[in-house]
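Engineer: Could you build all of it, start to finish, from the sequences and the hints given here?
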Amino acid sequence: MKKVIVSLVLLFVLQIASSQDYKFGKVSKEELEEKYNPMDSSASATYLYKKRRTFFVYNTNDGFELITEVHERIKIYNQEGFDYATRIINLSKYNSDEEKVSGLKGYTFNLIDGKIEETKLKKDGIFESEEHDYLDRTKFTMPNIKEGSVIEYEYRIGSPFYWNVDEFVFQEDIPIKKIDARFEAPEYFNFKINTKGFLMITPDRETTRDKITFTDKVRTGGNGLYDGAARTSYQNTNVEFSKEIYNYSLENVPALKEEPYVNSIDNYRSAVKYELSYTKFPNTTMKFYSTTWEDVVKTIYKSSSFGTELDKSGYYDDDINNLISTVSDPIEKINLIYNYVKARVKWNGYYGKYTNDGVRKAYKEQAGNVAEINLMLTSMLRYAGLNANPVLVSTRKNGIPLFPTRDGYNYVISAVEVPNDVILLDATSKYAMPNVLPFRTLNWEGRVIRKDGSNETINLYPNEKSQNTISMLADLNDMASLEGGIRYVKSSHKAMSFREDYLETNKEQFLEDLENKYNGMEIADFEVKNDTELSKPVMETFKFSLENQADIIGDKIYFSPLFFLKTKENPFKLEKREFPVDFGYPSKNKYMVNIKLPEGYKVESAPEPIILQLPDNLGVYKYNIVLKQSAVQLIVEAEINQAIISPLYYDALKEYFKQLIEKENEQIVLTKA
Amino acid sequence: MNIRLFCIFLLCLNGYSLFSQDSLYSSLTIPENLTKNANAVVRLDQTSIEIVSINEMIETRHFIITVMNKIGDRSVESIVYYDNNIKVKDLKASMYDEHGVQIKKFKKNDFKDISAVGGGTLYSDARNIYLDYTPIKYPYTLEFISIVSTRNTAFIPSFDPIEGYFTSVENSSYIIKYPSNLSIRKKEQELKGIDVSVDAIDGKITYSISNVEAYKPESYSPPFRITVPKVLFALNEFNYEGVTAKVENWGAMGKWFNDNLLIGRTALPEGTVAEIKALIKEDDSDLEKAKKVYKYVQDNTRYISVQVGIGGMQPISATDVDKVKYGDCKGLTNYTRSLLEIVGVKSYYTRLYASPYNQLDVDEDFVSFGGQTNHVILNIPQENKEDIWLECTSQKVPFGFIGDFTDDRDVLVITPEGGKIKHTKKYATEENIQTIKGKYAISNEGTIDVNVEVSSKGIQYDDKFMLESETQRDLDVHYKKRWRYINNMDINNMDIINDKENIEFIETLNFQATNYPKIVTNRMLLTVNALNRNIEVPDRYRDRKLPLQIKRGFKDIDEVEIKLPDDYKVESLPKGITIENKFGNYHYEVIEKNENTLIYKREFVVNDGEFPKEDYDDFRNFYKAVSRHDNAKVALIKK
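Taken in sequence, the protein lines are chains A and B. End of the first sequence sits at 713 in this note's numbering; the numbers just go up one at a time, nothing left out. End of the second sequence sits at 872 in this note's numbering; the numbers just go up one at a time, nothing left out.
Derived by calculation from the structure, the hints in this document are not laboratory data. Among the clues, some could well be false.
Claimed, not checked - Restricting the straight-line Cα-Cα distance to at most 20 Å, the calculated cross-link-like pairs of lysine to any residue (SDA-like) are:
{"#": "1", "chain 1": "A", "residue 1": "K297", "chain 2": "B", "residue 2": "T704"}
{"#": "2", "chain 1": "B", "residue 1": "K556", "chain 2": "A", "residue 2": "T159"}
{"#": "3", "chain 1": "A", "residue 1": "K547", "chain 2": "B", "residue 2": "E678"}
{"#": "4", "chain 1": "A", "residue 1": "K698", "chain 2": "B", "residue 2": "E678"}
{"#": "5", "chain 1": "A", "residue 1": "K642", "chain 2": "A", "residue 2": "D515"}
Bear in mind that the values here come from a model prediction, so they are computed numbers and not experimental data.
Structural biologist: Written out as structure tokens, the structure reads:
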């Protein structure tokens, strides 16, 4: 997996000298005249300038406050870019603490008859809204927008949540011509820098001195006979400290464009995250947030919503005692407890590595978030004498945690170590199984935390292939109709997604959808076995009849022996690809097809057997055909051996699918015997 | 057996002679027929509307719903909408397990309060309070009680007992009480064939229905909203934001709307007036003037969703739109109207229901202030020809083109003299034409080389004109998807002309693809229709319930010249076919122009119209036949 990361192409950003004036309001004629972005003519808009400064100020009353100043200038080339004239500022709040925006001003610049005309953003273009208890929004939309307009705005956000510095985003869905970013942290705050994306981003660092002036009220006198009358005086104290400054300057950052089969495009967006490692205020001890994986793990583990919750057992002990009283086999115990938790506590849809209402309440109310369910599960497994540990996970949408960070993980599952194996469990999904985790969690590596505080990464992608074995026995008649029976046997993730689909839909609807999926196939004797027996592969069988499955031309019949089972289109249509292809899990499809030929016909010609290989054993496709007296037997196997495939193999992957489709399109020709 | 279960059991024996709400908490008491196709069953739904006075309305809702599976969760409307004018007085809920045992209770504070609109809307005071709960086991039953009050009496909730597809109804009732000085109008829809009882006495109307089986969506059917039972209500005299109105017909409603919400909002600054006047030449016809003004609006404004202005019904003034150059549909329509006024072209603010799939009419026989519309466009009346309709929120659509968003439906045109019901433009089958003119050559190795021009008009123009704004990368993918049955497409050239004057969209392409025909030993099988294959066959229904509705017709005409590979000659040609029926017609033929050139001609017409449900199978068979003939193959053999 490391190899893939290393082999991703790094984009170097060109440094081009520029005489552009980036002072607020100094929009040039050239900027207004520009008809398209010369670096990317498909861009509907471009950040001409993106500036941000984040720093700390000290208020005697409230202590440290985090200030972020934003100044942006955006060129809008055409109507598709009009959306960039509306901006949203998200403001977090928690109880009485809230982020506030101030100093918002903006102008739209247009070139009218060769003259620059500016229109001011007024109050009627600014809207404040309360989204929910933890989020307010200030939205604004710029006036007088035309194709060719340049907009410019600036504002300042004050935040009491100094431990939470918003990511510095250096890549957007449109190109950026110039970025200046600056982060300043007093020595009391030590931050860890996490960089992601393909841009080479290194800050210029400098250290300066700064000071805080405290004004103290001092009371003297009033203490006894010789002390004089009580009096109050004010006294200024200066506290000097050093300040770490990080400067970023980038030019011509390309737009980030969406591609199919990417787990989350944000994984590849260039950005820098400052995460608080520790604070050390004068005359106090250090308070750690995170620096190394050990620290991250320690911080999370020590949290009352994690470790403490994991250690509670009083709320379930009787129930678990009863459940496993007669069982000694560890695997059996795991299954019993896992199924018990799945049946007892339902996922309320909320993510989180920390509990919300706590395990005890979740157990009682039979509903909880991810942490409540999986920490409870881990705790019960430990209680039963198993070596179970929580595993921190970053979901596919959350991105890949490449660096030690608390925020990098947003989810927790459970791992049980048994001799020679580790079993991963997630009890939030009804149809998940041991080592078959919900798709959302299949994202690179998780981090297992042991009782002694040690930790280690663990691969989340399954090693075992999800299989779909399809057997079909069918008669082709001389009117080109196909009739027969089919059986699908699905395992692991393929079984899980089938179950999610089948068991959560109305049965009649499921059947109708199935018939319509194959353009009017008529289905009878539909049956599903093991749909609720998760430990066994799920088996779907039915009889079908389908028209127009062959071409009859003259006295010959032509057909592709996979019929409706063949792969119809190449999933990879983009000419070139920047990011890895993420399938989520390795897979194998196997088709065993027996076709009885129409009476009085024999095979004139048939496709040749073939083996297609992806490089480095990433995948293999085998097509084999056996001709018999009045029947044709076909065996096709298609395997993708890795969950993730580097973009370096994109051309090979595209070609592989192309050839596979061509092969499956090849025809058998029958002639009258 | 616990006591409650025992009681339910007794009740069942009694055949509900004693109506007890308790029995509704258990899923075991659901009548068999209501479980068919049902993800949820509304056990009881009681809506009570009390119009205390013209300035006060209280809505009480009490429902009990049993949810059978996860999808059924979506049928639970445990949500209350409010804004600055609506007060939520009470809100509570309880949850029961399948045996009807209460497992949870929720008070008002347990509900979540969020903004009712997404990020797409810039501002709105609309908010929702909803119940965020986790079902522990299916089936479960939820009981919900809400009381809200409002001073506006312009919108009266309808009796709308069917929540949506896959939800059956055991009992649903509606009571409306109103003071004697007010009179009420009502309109019933689709109550035939349903177990309904009505009771109207002075100052009180009651409707109740029971035992309605779940509806299932079917393609090519009329909009859901008009296929379900429903009763609409409106007061002849109402209060809206402190203004009272007394209206009994659309004429008066339009007049009131004009005099209270539209009048005095067309003033424009002198600069803009001069600018507009300068655009117009003396001898310009009204049509030319309107075109110039429309272009001015398209070039200078953009659409923003802002739900402000009196209750979201009044447009932002033209002066304000002129200042900021943006607005919502109301503001931009009013702005365009104001600009047209300067140049002496009469135009009218028009309210309607916009949706490509739901062509819903403003009901000519039922006057109501709200609830029937969601959008505003502009009407320019014409004498002796079709009126012109302008969509003012788009910077892209050609003048007078409204497309499937607002076509072919009854709308309310508001003039200073009063409201009028008019019908928007219908795009007839003959107007919705796609013409394909192409040539392709097949090489000995099976590579296809295509040059094609696709011209689209009418609704087919509407389907495609947004492609003009796509980037090259996305356009490339678009064409590969449009011709997805051609593997390995390699596009050399894509050219798009959007002729807004004639409302025609012309795409010119050149592409290649390897292995297009199927080559088997010394033969080549060529699917002759390479450029316009019908792949989709309408879904089959075991038991079709709804009539067949084809909302818009279309006509496709293809003519393609095919150059055969040098080393091959024709072994057999498909015979061609002509199909004609009430749904449309289909014809194709393959002509041998000379030894190595074929001409493929195809015409496929589907007419719009409504047909009884019994016709659906024939309609589907028509499409199946077209699909089959679109796959007709030419057999070539090595010379």
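Engineer: Now, for every hint given, state plainly whether the structure supports it.
Structural biologist: Outcome of the hint check:
no.: 1; hint: K297(A) with T704(B); result: 11 Å, holds
no.: 2; hint: K556(B) with T159(A); result: 9 Å, holds
no.: 3; hint: K547(A) with E678(B); result: 48 Å, violated
no.: 4; hint: K698(A) with E678(B); result: 16 Å, holds
no.: 5; hint: K642(A) with D515(A); result: 14 Å, holds
Of the numbered hints listed earlier, the single one contradicted by the structure is hint 3.
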